[in-house]
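Protein chains: 2
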Amino acid sequence: MAYSIVPLSRLIEQFESLPGIGHKTAQRLALHILHLPRESANAFANAITEAHEKIKYCSVCCNLTDREVCSVCADATRDRSIICVVEDPRDVFALERTREFNAAYHVLHGCLSPMDGVGPEHLKIRELVERMKSGEVKEVIMATNPTAEGETTAMYISRLLKPLGVSVTRLAYGIPVGGDLEYADEITLKRAIEGRSEM
Amino acid sequence: MAYSIVPLSRLIEQFESLPGIGHKTAQRLALHILHLPRESANAFANAITEAHEKIKYCSVCCNLTDREVCSVCADATRDRSIICVVEDPRDVFALERTREFNAAYHVLHGCLSPMDGVGPEHLKIRELVERMKSGEVKEVIMATNPTAEGETTAMYISRLLKPLGVSVTRLAYGIPVGGDLEYADEITLKRAIEGRSEM
Chain Y
0 MAYSIVPLSR LIEQFESLPG IGHKTAQRLA LHILHLPRES ANAFANAITE
50 AHEKIKYCSV CCNLTDREVC SVCADATRDR SIICVVEDPR DVFALERTRE
100 FNAAYHVLHG CLSPMDGVGP EHLKIRELVE RMKSGEVKEV IMATNPTAEG
150 ETTAMYISRL LKPLGVSVTR LAYGIPVGGD LEYADEITLK RAIEGRSEM
Chain R
0 MAYSIVPLSR LIEQFESLPG IGHKTAQRLA LHILHLPRES ANAFANAITE
50 AHEKIKYCSV CCNLTDREVC SVCADATRDR SIICVVEDPR DVFALERTRE
100 FNAAYHVLHG CLSPMDGVGP EHLKIRELVE RMKSGEVKEV IMATNPTAEG
150 ETTAMYISRL LKPLGVSVTR LAYGIPVGGD LEYADEITLK RAIEGRSEM
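Chains as they are written, first to last, in numbering that gives the first Met the number 0: chain Y, 0 to 198; chain R, 0 to 198.
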């Protein structure tokens, strides 16, 4: 570009480095920041450094937390005999929104993906196996994503855990509530038929 | 939500406050920040505070700059007898990308919009009128957006400047290059016909 304003270009570049943000959006966001009151801009900057400094992995379930043990693991009313294994902290948010789930979690922080060079040693699988040692855990629900990688990860972990005498289950496949049967793909429909239940 | 991690929620809220960013995207961006190396996260935070501290309005054209006078206004090779009036600093970026335009700019920072309570006193119109006093300016090109508000703003300013003996022009309307005639709206086509030129 013929002309540029260094601090502005730098801010635009930072926004552009975020996933899903293109150059035009980055420009718009950077200009929005410039139009904020000084305190709001500082609050934004502080939120970034503070979140980055304070948030770490829960020593039990590897979810994100600002304490040693996350609020779910610290909650005595939770059923610790059931562990729900998810790929991402966002999946915990999603499951918590059901308000029906009262078990513990384990966050893998990814899924097995040989194409991207992600092997078992890159995920929190060792920590999950470690949790079985207390003998408290009766069931592990595999709630990895219904993708090829998620399936592989679920399969891999189930083979590790079954010899330890733990029951390993998988979330049900089927048609999403509120969805349209017409638009459901063949594999989902096939799984929905296989998993049908008495009314 | 049943559970939350304070520093993370705060960061998600900050992202959510940006224009066009919803809750899910804000979550994704915040988690992306957490996965950055410490230095990158700090660089992001610094880019925000630095841009906010250093960038101000150019004392001549009111565009954004980190100096007293912006690089366009400081450029001696620019033709200062022509001023191109735009609504937003992004419009200057767009015009500079043509690499054909060698005049000066004036950034209004908005357009007249009585519905949103934006009157002439909220725009950099007084500063524009002030620039006419040198007698150096021969032409003012109104390059506000081709919207109702942009038109009104152009009309308002042209009425202010014409009595000062300055020629006021407007960007040409017509079909966009590379566009499809079939999809052009009626008003654009009408303007394209009105503005036709000898081949």
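I should point out that these hints are in silico values taken from the structure, not numbers from a laboratory. Please note that a few of the clues may not be correct.
[Unchecked claim] Simulated pairs of lysine-lysine, BS3-like, Cα-Cα distance not exceeding 25 angstroms:
1. R:K137 - Y:K23
2. Y:K123 - Y:K161
3. Y:K123 - Y:K137
4. Y:K23 - R:K132
5. R:K23 - R:K55
6. R:K137 - R:K161
7. R:K161 - R:K123
8. R:K137 - Y:K55
9. R:K161 - Y:K23
10. Y:K123 - Y:K53
11. Y:K53 - R:K23
12. Y:K55 - Y:K23
13. R:K132 - R:K55
14. Y:K53 - Y:K137
15. Y:K55 - Y:K161
message = Output the indices of the hints that this structure fails to meet, ascending.
response = Failing hints, ascending: 1, 4, 5, 8, 9, 12, 14 and 15.
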